[in-house]
Structures are given as C-alpha cells and as structure tokens.
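A.B. asks: Guided by the hints, dock chain S onto chain Y, whose structure is given.
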Amino acid sequence: MKFKQTETTTQHLIELKNISKSYNLNKDNEFRALKGVDLIIDRGEFVAIMGPSGSGKSTLMNILGALDTPDRGTYTINGVDISKYTDDQLASFRNKDVGFVFQQFNLLPRINVRDNVLLPTLYGYVENKDEKLKEVLTKVGLLDKINNKSNQLSGGQIQRVAIARALIMNPSIIMADEPTGNLDTKTSQEIMNIFKNLNEEGNTIILVTHEEDIAAYANRKIRLKDGQII
Amino acid sequence: MLKDTFKIAIDSMRANKGRALLTMLGIIIGISSVIAALSIGQAAQSVILEQVQGLGSNTITITSGNFTNAFRSRATALSTLNSKLDYKVVNVLDNSIKFPEIEEVSPESTSGQDIFYKSKTESVSVYGITPTVFSVRQLSLSKGRLITEDDQLKVKRNIVLGSGVVSSLFGESDPLGKDVKIKGLTFKVVGVLEEKGNANFDEAVYVPLSTLSASITGSKNLNQIVVKVKDEDQIDTLTGKIQQSLLKYYKVRDLDKAPFTVISSKDILSLTESITSIFTVLLASIAGISLIVGGIGIMNIMLVSVSERTREIGLRKAIGARQNAILMQFLIEAVVLTLSGGLIGMVLGIILGMIIGVVGGFSVGISISAIVLSVSVSVSIGVIFGFYPAYRAAKLNPIDALKYE
Numbered sequence: 001m002k003f004k005q006t007e008t009t010t011q012h013l014i015e016l017k018n019i020s021k022s023y024n025l026n027k028d029n030e031f032r033a034l035k036g037v038d039l040i041i042d043r044g045e046f047v048a049i050m051g052p053s054g055s056g057k058s059t060l061m062n063i064l065g066a067l068d069t070p071d072r073g074t075y076t077i078n079g080v081d082i083s084k085y086t087d088d089q090l091a092s093f094r095n096k097d098v099g100f101v102f103q104q105f106n107l108l109p110r111i112n113v114r115d116n117v118l119l120p121t122l123y124g125y126v127e128n129k130d131e132k133l134k135e136v137l138t139k140v141g142l143l144d145k146i147n148n149k150s151n152q153l154s155g156g157q158i159q160r161v162a163i164a165r166a167l168i169m170n171p172s173i174i175m176a177d178e179p180t181g182n183l184d185t186k187t188s189q190e191i192m193n194i195f196k197n198l199n200e201e202g203n204t205i206i207l208v209t210h211e212e213d214i215a216a217y218a219n220r221k222i223r224l225k226d227g228q229i230i
Numbered sequence: 231m232l233k234d235t236f237k238i239a240i241d242s243m244r245a246n247k248g249r250a251l252l253t254m255l256g257i258i259i260g261i262s263s264v265i266a267a268l269s270i271g272q273a274a275q276s277v278i279l280e281q282v283q284g285l286g287s288n289t290i291t292i293t294s295g296n297f298t299n300a301f302r303s304r305a306t307a308l309s310t311l312n313s314k315l316d317y318k319v320v321n322v323l324d325n326s327i328k329f330p331e332i333e334e335v336s337p338e339s340t341s342g343q344d345i346f347y348k349s350k351t352e353s354v355s356v357y358g359i360t361p362t363v364f365s366v367r368q369l370s371l372s373k374g375r376l377i378t379e380d381d382q383l384k385v386k387r388n389i390v391l392g393s394g395v396v397s398s399l400f401g402e403s404d405p406l407g408k409d410v411k412i413k414g415l416t417f418k419v420v421g422v423l424e425e426k427g428n429a430n431f432d433e434a435v436y437v438p439l440s441t442l443s444a445s446i447t448g449s450k451n452l453n454q455i456v457v458k459v460k461d462e463d464q465i466d467t468l469t470g471k472i473q474q475s476l477l478k479y480y481k482v483r484d485l486d487k488a489p490f491t492v493i494s495s496k497d498i499l500s501l502t503e504s505i506t507s508i509f510t511v512l513l514a515s516i517a518g519i520s521l522i523v524g525g526i527g528i529m530n531i532m533l534v535s536v537s538e539r540t541r542e543i544g545l546r547k548a549i550g551a552r553q554n555a556i557l558m559q560f561l562i563e564a565v566v567l568t569l570s571g572g573l574i575g576m577v578l579g580i581i582l583g584m585i586i587g588v589v590g591g592f593s594v595g596i597s598i599s600a601i602v603l604s605v606s607v608s609v610s611i612g613v614i615f616g617f618y619p620a621y622r623a624a625k626l627n628p629i630d631a632l633k634y635e
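Going down the list, the sequences are from chains Y and S. The opening residue of the first sequence carries number 1 in the numbering used here; numbering runs sequentially from there. The opening residue of the second sequence carries number 231 in the numbering used here; numbering runs sequentially from there.
Chain Y extracted, bound-state conformation:
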C-alpha cells in the first residue's frame, strides 16, 4: 500500500526526531555517528546533505533511505513511523517509497537497459509497468537504448539508466548518494539537470554530496558535523 494517498496536507513528508546511531568500532570503543538529529523534509523539496567524511552524512542517508534503523528516535515518513521496522518491512518500504541512485551506478552488467530499469518490479507491484518503463526512459532520454546492455553505455548514460530505475516504482523520495562522483564535469551537469527537472515535476530529492557546486542545484542545504546538524 502507498502512504502517499492517505496523507493530510498539513503533514510533513519526513520527520526525524532525536535520531541517534552508534557503531561499535571494537569491544570498548563506540562511534556515535548521529547525536540526536531532528530534521523535517517536505514534499517537493530538493535537499542536499553535506559534510566532511565522518560527519554522519552517510549514516543519515542510510536511515533516510531505510537501509538502516536508528538506535533511538523516530523516523516518520508519510505519517508512518518506520524506525522499528524489521528487515523485511524495510525492504518493502524501500521498494515502494525510495528510489536510490548511487555513485557506483550499480547496474547489472549482463542484462539490458529494460531489465535493469524493471529490476525493482521483481520485488514489488507497479501499475502499467510497460507504460511506466517508457515514461521513465523518456524522462532520462534513453528510450532508444532500451535493448542495450549497460557495458555498451557511457558513464553518463549508465547513471541516467540508474535514475530511470529509481523512478520506476513512483517512490516518495529519491536518494542520490554522490551521483556525480564518478563522472566528468559536463556529464555531472547533465545528470544534475535531470534531477532538477525531476524536482520541478514534483519529486522529492535528497542528495548527498561533498561538492558545493553540485549541492548548488538543491533548494536547501543541510550541513552535518560530528553527528549533528549545524
């Protein structure tokens, strides 16, 4: 089920309250990655999360993307608290509500563009799959490459396939983790323009980056330092 349809207009899309997360480095040492983070993100926002390495931005992204759960605090999205979800509940949530775009692209090399974009549909249901496939490939401008394998594509094209894959399930948020980290400047601009357009169409985008000029595409910047928002 989708939570988006049940929303009330006054509700925020994402509400983090007092989120803490620690990792055990070894038996006696604990690393506190997030120390009581509060964050609100509304529908249609384009947010850039920034910060040096070790600031907790990856941890925050993992929690926002439902890849991880916080030790303390609540994460409410579309009015539902998912901070105590089990692994399988999180998996279903990610399938329906999160579209990931990674720095490493993470396409499967042996299958073609069509199957890569449709990969999330193996694990969940989407209406009018074939129409949706055409729609998202048109958005990223790769409809003509639908039968190509990913090893026949350039880096920029691969990342565009990954964006199409992130869009196929109509997610509530698109999580982009350093999406231009492996691309040259010109291609980076193309990719960021796609994100910008997607945001203008109403998609909520959360971007993780350490580059100021990439973060400049976002409407709001959230800076992290030592596990806290500054």
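Calculated from the structure, these hints are not laboratory results. One or more of the hints may lead you astray.
Result set (DMTMM-like, lysine to aspartate or glutamate): computed pairs, CA atoms no more than 20 Å apart in a straight line [unchecked claim]:
1. K129/Y - D234/S
2. K633/S - E178/Y
3. K633/S - D87/Y
4. K149/Y - D234/S
5. K418/S - E352/S
6. K149/Y - D241/S
7. K625/S - D87/Y
8. K471/S - D461/S
9. K625/S - D68/Y
Computed from a predicted model, the values in this text were never measured in an experiment.
C.D. replies: Showing chain S alone in chain Y's frame:
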C-alpha cells in the same frame, strides 16, 4: 518472479560457462555412475534370476556337504569332504508311499573333462545322469534321442551334447552318430539338446550315471540329487520332510551337523535376489559418494559466486528484495547447476550402462526410476549444498554489501 529468477540463474551460468561446467562435473560423474551402477545391477540381477529360475521353480536339491555350516567353521567345511551322497539316498527318496509329493528324482554326478572330436578339444562338465534329469532340469531334445534306462542299465558309452558343445566341436555339421573321446574312451553321440541359455547346461555333456562312475570318475558318489515336486505349494513341507528323513538315514541329530544340505529352488531364488540387490545397493552407494564430493564443489562455487556478487546482492536489497527473494535466487541458481549436471549425468549414465550391457552381453534398459532418481537427487543436492551460500547472501547487510569492492 520465479521465471525471472530462473532467467537470472541461467544467465549467470552462461556468463561463467567454463566454471559452471567444471562445477557440474562432480554431479555429472556422480549421477552417471549411480545410474550406470543401478542399471547394470538391475540387468545383472534379472539375468542371474532368469538363470536360477531356469533351473526349475519346483525343485529341491540335496548336495553333499553342509553349506549352511561351511561358511561358519572350517572344521565342518573339511568334514564335508568325507560325507557321502550315493545311490542309497536316492532309494530313500524314491518312495512314493513315504514321499507322495515327489514327482521325480534325478541323481547327478559331474566331472570336469576335456572332450575331443577329431582335432578339436573343449573343456566341459560331464554329467552322469539318469533319464529323469531331462524332465527335472527342463532340458529338451533338439535332435536324436535322450539317455535311456537301457543305456543306464547296460553302462553304455552313449552321450548327449549340450548346444554350446555342439557348436564349438561340430560347427554346422551334424554330430549325430559321430564318435567323441573323453579320457581316451570313445562315446557315441546319440542326441543334441536345445539351447537353454544357461552355460551350466549348454556347455555340458550327458552320459549315463553308471558309465560315468565306471569309466570316468571311478566313484559311486553323487554330487547332488535333484527332486522335482508335484505341487509347488508343497515345496516347503517337502524340504522339511526330506531333511528329517535324511537326518534319520545319516543318524545325525540336528541339521547343523548334517553332512548334507537340502535347499529348494524357492530358497535359492530368494537368496540370489537378496545377494544381487545387496550388490547393487553397494555399487550405487560407492558411486553415490562422488555425489557428496560434487555437492561440496557446488557449495564452494556458490560461496564464490555470492562473494563476487556482493554488490549485486546489496543493490537488490536496496531496491526492495526481501531476504527470501535473495535466498530463493541463489538456491535456484544452485539447483539449476545441479539439475543440469544431473540431466547430463543421467544421459551419460544410461549410455554407459548400455555400452557395458553390450560388452557384457545383457540388455540394459532405461528405467523411469533412473530418471526420477537423478532429477530428485540432483535437485536435493542443489538445495542441501546451495542452502548455506544462499543463506549467507540473504543475510548480508545491504549497506556493507553496497560498499563491497
């Protein structure tokens, strides 16, 4: 979903053709040798059983020596050498008042000899018999005549040849009326038997019992007495009756010390059946060990595959694959490997069985059970040995898996 998973599994096998084939090799060898062993075992069993059944399904054989004891102790085995089974025992049994169940009694004595015809020689069993042998042993005449009561009484040197002896000594020419020599003595061929399909009788010649003791062995001892029972249902009671009266005759108290063995064709059949099936199971078990080795190979390669595709697993989890979906993906991949190996192995095993059958001279068929067995065993191996790698994949943390280099 399931169709896609199969497609992924087959794609991944195609991407690593050489590795997949090497991995399957263990299963291929295992399944093919089990199938070959089973089909050869079954074929051999049916050949042996056919031969045993050819001896007659309603006979009781009395042999000198105690075979039930011979296996147990060497002392009794040696004592059997002194035991005597002679014509007097035949007279005990040939008593229609005491043994109304008996139809006929055939005393037999055998001696391994060379038989000569012109320049040709053949090693054969020479049976000293009475005319009853032909009906008791179900031997039928091809041409000429059988050994008669008259031959027996007059100690005549007449001989009836088994079909195998005829073809090796005479080829296409007619043996009737010809002279053959055994131990320097001339015997006249009076008859030829039809082929029985059992070397014991086909590669043998038949002379009167009296002639064998007088001219060839010089002994009145018999190797065995074969009794034909009128009604098959009475075979067990008659076996018991014969044992009791022979114990009395030999003045021995219990069967363990008896200098003779009484065994019915029914007992021989079930004994043979159990021995050959033990043999088949043993053969298949040895071959089955290679299946375990093959399974370990599958587990090994699946662990490699899981580790190579850690990032893929991480991605699948990130876009919403539940643990069960990942588990199924890798289990199906393992099963696709083992099932392909199993099917190849099955075909090879059937071919191997047929080749061995042709060389060994018995027919080996394709059994449905062989197909069911190879499919179910190879699927089970895939599931059993693929489970641990698949479980490891399913339990991977998506964050770590995505970062894996």
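A.B. asks: Work down the list of hints and note, for each, if the structure agrees.
C.D. replies: Hints and how they fare:
1. K129/Y - D234/S: holds (15 Å)
2. K633/S - E178/Y: holds (13 Å)
3. K633/S - D87/Y: holds (18 Å)
4. K149/Y - D234/S: holds (17 Å)
5. K418/S - E352/S: holds (16 Å)
6. K149/Y - D241/S: holds (13 Å)
7. K625/S - D87/Y: Holds: K625/S and D87/Y sit about 10 Å apart, inside 20 Å.
8. K471/S - D461/S: The hint holds at about 15 Å.
9. K625/S - D68/Y: holds (14 Å)
Against the hints set out earlier in the document, no violation occurs for any number.
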